[in-house]
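For reference, each letter of the sequence shown is one residue, going 16 to 261 in our numbering.
Bear in mind the hints are in silico, worked out from the structure with no lab data behind them. Note that this is a predicted model, so its numbers are computed, not measured. Any given hint could be a false lead.
With a straight-line cut-off of 27 Å between C-alpha atoms, the simulated DSS-like cross-links for lysine-lysine are [to be verified]:
1) Lys87 - Lys98
2) Lys46 - Lys87
3) Lys46 - Lys98
4) Lys239 - Lys46
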Amino acid sequence: MRSEGDSWDITTSVGSTALFVATARALEVLKPDPLAVDPYAELFCRAVGGSWADVLDGNAADHELQSDDFGKRFVNFQGARTKYFDAYFRRAVEAGVRQVVVLAAGLDSRAYRLSWPDGTTIFELDRPQVLDFKREVLGGHGVRPRTERREIAVDLRDDWAQALRDSGFDAEAPSAWIAERLLIYLPAAAQEQLFTGIDSLACLGSHVAVEDGAPLPDAEFAAKLEEERAAVAAGGERPFFELLYN
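Given only the sequences and the hints, what does the whole structure look like? Please build it.
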């Protein structure tokens, strides 16, 4: 279960969900006609190795992402979601925005794979271990950001807004924000703090994109949690519902 002030790296707890999503993006690229192409997702999977690399090579038939039901749906969803938010950023910069804020950046590679106008600054906020992993993997392959990229190593349950200001964010200039696959991992107080911070920093002309979803009924969530615990204990599944704030 989650606890106040818990921490993680890229292979544990909430950090591993970024790796799971990156694997789905890498599988999307393998399709004959992918909705979105993230050429760097595979690099993250192979850097960690193990089952994350095996699933890309078709050597993990029992992996969730290889299943005909959940796996296919999840990979399709990641392709659609990536395409949607890529288009969101294109519209924002076409409107003149030159500051981009990626909350809980994880293994988001948009700073490296999208085209950005001159003068664009991308602020990526996440835990230091996650940011370090991404920078080291991509840097090790000679991949560089396509515009100015600033890392803000911070826990979004803390005063991230001040950390963003301290990194040179200009609250008087329009900005484009994204909170993708984030809210479900934040307790209610941190969610409120998140939106309060965005509201205080996003001036007129700014853009905000938030991925949200309805919580499960308590009884259904509890049942899924118990089912997952049994599967994890049997070694057949990785934790997911235990990481959520429903």
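Under the criterion that the straight-line Cα-Cα distance not exceed 27 Å, is the pair Lys87, Lys98 satisfied?
17 Å, holds
With a cut-off of 27 Å on the C-alpha distance, tell me whether Lys46 and Lys98 pass.
Judged against 27 Å, a Cα distance of about 15 Å means the pair holds.
Take the C-alpha atoms of Lys239 and Lys46, compute the straight-line distance between them, and say whether it is at most 27 Å.
31 Å, violated
Between the alpha carbons of Lys46 and Lys87, is the straight-line distance 27 Å or under?
11 Å, holds
Consistency note: the structure conflicts with earlier hint 4 alone.
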